[in-house]
Amino acid sequence: MRVEKGFAPYRGYVRVNATDRRTGERHPVEDGLQFFTTGLLALLRPRLLGSPADGRMKDLAHRRQTPRLPTEPHDGRALSIDGRESASAAPGRSPRERFKLHLQLLGGFRLTQDEVAIDLPRGSERLLAFLAIHEDFSRRGTVVSALWPGSDDRRRFASLRSALVRLHGVGCPLVDVRRQALRLTEDVWVDLTESRELAHRLIDEQTRSTDVVAASIATLSLELLPGWSDDWMTIEAEDWRQLRLHALESLSTLFTRKGRIPDALAAALAAVRGDSLRETARLAVVRAHLAENNRSEALREFQRFRRLLYEELRLEPSASFVKLIDGGAS
Amino acid sequence: VPFIGCRDASVAPRNATTRTDVERQAPEWSDIRISVLGRFSLARGGTSCSLPRGSERLVGLLAVQRSNLRRAVAAGLLWPDSDEFRASSSLRSALTRLRGTGCTVVESRSSALSLGENVEVDLTAAQGLAHRLIEGTLSDSDVSADSIATLSADLLPGWYDDWVVLEAEDWHQLRLHALESLSTSFARKGGFAHAIGAAMAAIKGDPWRESARQALVRAHIGENNLSEAIREYERYRRMLRQELGLNPSLDFVRLMRSVTLTRRWNGGRDTLGA
Numbered sequence: 001m002r003v004e005k006g007f008a009p010y011r012g013y014v015r016v017n018a019t020d021r022r023t024g025e026r027h028p029v030e031d032g033l034q035f036f037t038t039g040l041l042a043l044l045r046p047r048l049l050g051s052p053a054d055g056r057m058k059d060l061a062h063r064r065q066t067p068r069l070p071t072e073p074h075d076g077r078a079l080s081i082d083g084r085e086s087a088s089a090a091p092g093r094s095p096r097e098r099f100k101l102h103l104q105l106l107g108g109f110r111l112t113q114d115e116v117a118i119d120l121p122r123g124s125e126r127l128l129a130f131l132a133i134h135e136d137f138s139r140r141g142t143v144v145s146a147l148w149p150g151s152d153d154r155r156r157f158a159s160l161r162s163a164l165v166r167l168h169g170v171g172c173p174l175v176d177v178r179r180q181a182l183r184l185t186e187d188v189w190v191d192l193t194e195s196r197e198l199a200h201r202l203i204d205e206q207t208r209s210t211d212v213v214a215a216s217i218a219t220l221s222l223e224l225l226p227g228w229s230d231d232w233m234t235i236e237a238e239d240w241r242q243l244r245l246h247a248l249e250s251l252s253t254l255f256t257r258k259g260r261i262p263d264a265l266a267a268a269l270a271a272v273r274g275d276s277l278r279e280t281a282r283l284a285v286v287r288a289h290l291a292e293n294n295r296s297e298a299l300r301e302f303q304r305f306r307r308l309l310y311e312e313l314r315l316e317p318s319a320s321f322v323k324l325i326d327g328g329a330s
Numbered sequence: 001v002p003f004i005g006c007r008d009a010s011v012a013p014r015n016a017t018t019r020t021d022v023e024r025q026a027p028e029w030s031d032i033r034i035s036v037l038g039r040f041s042l043a044r045g046g047t048s049c050s051l052p053r054g055s056e057r058l059v060g061l062l063a064v065q066r067s068n069l070r071r072a073v074a075a076g077l078l079w080p081d082s083d084e085f086r087a088s089s090s091l092r093s094a095l096t097r098l099r100g101t102g103c104t105v106v107e108s109r110s111s112a113l114s115l116g117e118n119v120e121v122d123l124t125a126a127q128g129l130a131h132r133l134i135e136g137t138l139s140d141s142d143v144s145a146d147s148i149a150t151l152s153a154d155l156l157p158g159w160y161d162d163w164v165v166l167e168a169e170d171w172h173q174l175r176l177h178a179l180e181s182l183s184t185s186f187a188r189k190g191g192f193a194h195a196i197g198a199a200m201a202a203i204k205g206d207p208w209r210e211s212a213r214q215a216l217v218r219a220h221i222g223e224n225n226l227s228e229a230i231r232e233y234e235r236y237r238r239m240l241r242q243e244l245g246l247n248p249s250l251d252f253v254r255l256m257r258s259v260t261l262t263r264r265w266n267g268g269r270d271t272l273g274a
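Chains as they are written, first to last, in this note's numbering: chain A, 1 to 330; chain B, 1 to 274.
The hints are simulated quantities; they were obtained by calculation from the structure and are not laboratory data.
Check before you lean on any hint, since a few could be wrong.
[What the hints assert, rightly or not] Some chain A residues close to chain B (C-beta under 10 Å, calculated; not the full set):
id, residue
1, L160
2, W232
3, T234
4, S276
5, L309
Please read all numbers here as calculations on a predicted model, not as lab measurements.
Glycine included, each C-beta is placed from N, C-alpha and C at the ideal position.
In isolation and in its complexed conformation, chain A is listed as follows (with noise of 0.2 Å):
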């Protein structure tokens, strides 16, 4: 993004252009005042700071003049991140290295541009971490308002005005602020979004190459931001923990009809650990056990549950479960 230079204050009101460089939109900026003071002070910096070689300062004046659009990174170091343009000239590696910056949610909250960590305060982070949530433009109003939900409206955004200086800071356009609306910029590598797809592709059946492997189990037994317990976030989690779940479900059933046993074990394993009293992957641990022939490791299994949904719940399992060991025991 870029501003243009030209802002007119005259009739008025300001007039402030910020154009996308990528695909050359124009988007009007109607927070008029701000950037007539900002674009004051770019008119005004050449005389007020003197040389150029006074880094500091210009560095400080360069921060305060884009508070609310990160446009250009403000020194050399990080010019290079132009996102997928320059991925899809380096067609042989992964999607994950074709970015610099990774956001990684699940297992904990981190962010790493060139494979270093970046430390962000709180607010910062709970806010990367809801537009990365919500992959699409998130309003303003609905940022706030589930960020910061005790507070009243001025000092939401307030908050979330220092959130984002904070992250302006860090050097590199983190999020790509409209009019009204945020989003992360497509700069940003997030392991949640990547995992969801694969989570929905094992679920649907309509696996890669690469998807139905061990390492799949490793990226669907991580828990969406452990210890966060904002209203919001707890449904967002449970959304998560349902979708891996299922999807090592299918991971599990998937691998079993390949005759990769120990890995649909593992597996399915994984899912019981998400859910020790969780039928569908005690299902899953036993139907790999019979595909292989192993009745009696799948009736202990089977009986492990058992005795546990007893001492839990004082429940049985399903019919259908009983069935299939019956059949598959005698």
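With the hints as your guide, set chain B onto chain A.
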């Protein structure tokens, strides 16, 4: 009095040019898509156009109402706080600026405004899908993961005009019902993962909604994951109790009771397990 004369004089040629504009641009309309779900966007042939705020609101209004609107009515809806003269001049400027962007989607006749006939609005397709799901007249392609995504977006969130708010509430209710029906359809076909996904999407739309929780619990029960069903039910019961001081409905309680009864521990009589 001279003011009005000026207005009349200016209106006639403007409309004349509009009509030729319309005719010239007509062939391009076929690939114009307007999206009002999730976020407003206008795309022509796959590239999105960015509109000034006033024009965006005008296109949004026409996309949501989907009928011919008299100029005066449109101006009144869009600028309810301005007087008639100001509102209609705002409308004219919105139309002019819209034409300036090159994305001519609005057909303006002498007194009425409407969207071009071939302009696609995502809301129309989504409402069709929702009605098919609720009435049970669905085709196979309706019961797909894409439908969940379509039904997960609200109508123009963050637009607080009167004409949006009512329509948005309408669509919100429709999509939640449709998601619940979709969940049931998935469960019937044995696609429990998607059934749970659809129910979850409805819960994200309204965490308090019991029918959405019931759809989720039924999906868990459908694949015999009673522990998940009980956990979900307990979570919902606790939430209702703590925040609203309410209990789940008798229906829900009965459902849980009957399900746990059929699977009650039978002392290890009938299987070799014990």
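Checking against the hints above, which ones are violated? Violated: hint 1 alone.
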